[in-house]
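Asks: As a plain string of letters, each chain reads:
Number of protein chains: 2
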Amino acid sequence: MIIDIHGHYTTTPPQVSEFRQRQIEQFQRDGSVLREPPPVSDDEIRAGIEPNQLARMKERGVDLTVFSPKAVGMDHHQGNEATNVVWARYCNDLVHRVCQLYPRHFAGVGMLPQAAGVPPRQAVFDEMRRCVDELGFVGFNVNPDPTGGRWSDPPLWDKDWWYPLYEQLVALQVPAMIHVSGSCNPHFNAVATHYINGDTTAFVQFLTSDIFRDFPDIKFILPHGGGAAPYHWGRYRGMAQDMGLPTLEEKVLKNVFFDTCVYHQPGIDLLLSVVPSQNVLFASETFGAVNGIDPRTGHHFDHTLRYIEASPAADEPMRQRVYRENALGVYPRLRPICG
Amino acid sequence: MIIDIHGHYTTTPPQVSEFRQRQIEQFQRDGSVLREPPPVSDDEIRAGIEPNQLARMKERGVDLTVFSPKAVGMDHHQGNEATNVVWARYCNDLVHRVCQLYPRHFAGVGMLPQAAGVPPRQAVFDEMRRCVDELGFVGFNVNPDPTGGRWSDPPLWDKDWWYPLYEQLVALQVPAMIHVSGSCNPHFNAVATHYINGDTTAFVQFLTSDIFRDFPDIKFILPHGGGAAPYHWGRYRGMAQDMGLPTLEEKVLKNVFFDTCVYHQPGIDLLLSVVPSQNVLFASETFGAVNGIDPRTGHHFDHTLRYIEASPAADEPMRQRVYRENALGVYPRLRPICG
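Chains as they are written, first to last, in this note's numbering: chain A, 1 to 339; chain B, 1 to 339.
By construction, these hints were calculated from the structure, which means they are not laboratory data. Where is the CB? At the ideal position from N, CA and C, for every residue including glycine. Where hints are given, some of them may not hold.
[Unchecked claim] Using C-beta positions, here's what the derived DEER-type ranges look like:
1) B:Tyr163 - A:Val33: 39 to 45 Å
2) A:Glu36 - B:Asp242: 56 to 62 Å
3) A:Pro164 - B:Lys254: 49 to 55 Å
4) A:Arg121 - B:Asp242: 34 to 40 Å
5) B:Gly61 - A:Val170: 32 to 38 Å
6) B:Gln21 - A:Thr297: 52 to 58 Å
[Unchecked claim] Selected chain A positions facing chain B (Cβ under 8 Å, derived; list incomplete):
7) Arg235
8) Leu245
9) Phe287
[Stated by the list, open to error] Which stretches of chain A does chain B cover? Using the computed rule of at least three CB atoms under 8 Å from a CB of chain B, they are:
10) 35-41
11) 203-215
12) 221-234
13) 267-279
Bound conformation, chain A alone (with noise of 0.2 Å):
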C-alpha cells in the first residue's frame, strides 16, 4: 500500500473560486461577508477528480492521497476571519465530499479560516473540530504567514499567538502539514518561491525555538522536501552545533517530518541521504505545481515515486517505510481508514 500524504483538490468546477472572488471584492467593496457558496454536484466531483488525481494515482500506484484543499486558494491574507470561515468550511466541505465518494483512495486534511493579523483561536478551533469529529479529517494545513508574503504577523514559535493552536492538534490527535498559501508580495512567486521560504523559514523556527519541549507530541510535516534544508543540511548541522543546541536529530526530527515533493531524481537522492528514512513520507503534489512532462525522462516532473524506487540511497525496508509505515505514525487517525 502506497499512501500519498500531499495532494490538493486543485480541480474543482469553476464555481468554487469565483465564489472566492467574488467573496473577496464584496468584502473590499463594503466589509460584507457573503456567506452563501454555490453547489457543486456530486458529477462535477467526479468530472474533476476521476481523469485528473485518481487516473494519476492509477497509472502510478498509489492506493491512498492525503487530500486537502487548493494550498494557494487558502488566501489568508484576504478577506477577514468571518469571510475566511466560510470560504474554508466550503473547502472542507468540498474535500470530504471527494472523500465520501472515494472512501479508499482519499483521506481529508482541512484548512483553517485563519486570517492575517488575527491569531488562530475559537473560529479556526471550531472548524478543527468539525473537521476532525464530523468529517474524519486525519490533519490539518497551518499557514505559517496567513499575510500572504509580507510576514508580518509572530513567527509560530510566538506562544501568545501560536500555543492555543498546538494544543488543539495535541488534543485532537493530528498532525500539521506547514503550508503558505498564496503570495501578495512581488518578490515571492507563490508556488516557485513562497512554498520554498516558507519550509525553510519554518525548518529554522523549529530548530531555534523551545516549541518542541512545550509540546513533545505535536507533528509537523514540512512540505517540497523541506524547502531548502536537506541541502544545507550540513550548514543547519554546523549552526546548531555553533548555537550550543542539540542535533538537528534530537531537536527538530522527532516532532518534524519531510515529503518528498522533489521534482528530479538527485534532488531526491540528496534528501534520502542526509534525512533519517523514518522522517520522510512519500508525496507528490499531484495536479499542484508542476503539470508537465520533463523531456530528459518522459515522465511527468511530480512523479517522486519512479525517483524513489530508483534512488541508490533507498533499500526496501526504507521505501516501506516512506510509503506507508511513516504515514501512519504521523497521522494516528489514518490507521482505520487503511484498515
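Knowing the structure of chain A, use the given hints to seat chain B on it.
Replies: Then chain B, alone, in the frame of chain A:
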C-alpha cells in the same frame, strides 16, 4: 591556483562595529549622521586576518579570496542613505587595506550604500566608481532586500528601481553577488533563513523576468549554492516549461552563477550534478556562517574544497573550471590580479 570568490571581513577590530552601533543610535535619536569612523591600524588588520582568514586559506591551499565587508553588517535596513554612505565607504576602505597588505591573497568586492526605501542612485554609483577606479575592486554585493526581511522595496525586475544600477554594473564590467544582510523580521534568522531565502527569491526573479534580455552582459552570483534552487532544479525546470519559458540554461545560466557555500558532501554532489560546471564558482565564506568542526568528518563544515575534491560528480577539468577559470570569466577585473 584556487580562487575563493566568497569571503567577508568578519574579523575587524571591535571599534568598527561599535562605530556602526553609535551611528545608528545617534540617527535614531535625532536623525543626524555620524561621519567620523575610528581609525584602524595595520597591526589591527593583520591581527584579524593572519590567524583567521589567511591561516585558513594557507591550510586549505586557497590562493586568493574575493573579499568583501561582513554581509550581515551591511545593515541597509538601518539608518538612511547618508549614514550608509559613511558606513559603506569605511567598510570598503577596510577591505581595500586588507587587499593592499596582502595583494596576492585578497581582491576586493564592495558593499553599496543602499538604504531601505531609497532606489540605488548617485550615492551608490559614486561609491561604485570609487571602489573600481580608486580601490581596484572587482565586483559588488547587491542586497535584493535592503528592508532587512520586510521585502517591501521593489523586486529585482523592477525597471525604475534597479535598472540604473544594472547599467552601472555593465559599464564598470563588474559582476554582482546577490547577498542579503541582516534581518529585522523575527520570522527570519539572518544567516540561517534570510540568506537562503534571499538566494532562492532572486533565482526565481531572474527566471521569471526579462532582466537578461535587457542586460545580456550582466553577471550575477547567487551565494550559498543558490539557496534552494539546485535542490529544486526539477521543480524550476518544470515550472519554466509550464510557464512557456525557455530552459533554465537559456533563460538564466548565461548570466547567473552559483557559489559552492554548501557545507556537506551530499549538497555539493547535488550542486555539481545539476548545475553545469561552467556556472559553479568555488567559495567557502570562511569565517562566515558556520565556524565549527563537523564531528562526523573531523573537518570544518565550511571546508568546501574537501567536498569538491571528493565528489564523484566532478572530474579534473570541472574542478579547474570551478576553482579558477569560471571566476576569471565572471570577474574580468580579477584577470590582471591573477597575472
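Asks: Look at each hint and say if it fits the structure.
Replies: For each hint, the structure was consulted:
no.: 1; hint: B:Tyr163 - A:Val33: 39 to 45 Å; in the structure: holds, 43 Å
no.: 2; hint: A:Glu36 - B:Asp242: 56 to 62 Å; in the structure: violated, 34 Å
no.: 3; hint: A:Pro164 - B:Lys254: 49 to 55 Å; in the structure: holds, 51 Å
no.: 4; hint: A:Arg121 - B:Asp242: 34 to 40 Å; in the structure: holds, 38 Å
no.: 5; hint: B:Gly61 - A:Val170: 32 to 38 Å; in the structure: violated, 52 Å
no.: 6; hint: B:Gln21 - A:Thr297: 52 to 58 Å; in the structure: holds, 54 Å
no.: 7; hint: Arg235; in the structure: holds, 5 Å
no.: 8; hint: Leu245; in the structure: violated, 11 Å
no.: 9; hint: Phe287; in the structure: violated, 12 Å
no.: 10; hint: 35-41; in the structure: violated (count 0)
no.: 11; hint: 203-215; in the structure: holds (count 4)
no.: 12; hint: 221-234; in the structure: holds (count 9)
no.: 13; hint: 267-279; in the structure: holds (count 5)
This entry does not satisfy hints 2, 5, 8, 9, 10, going by the numbered hints stated previously.
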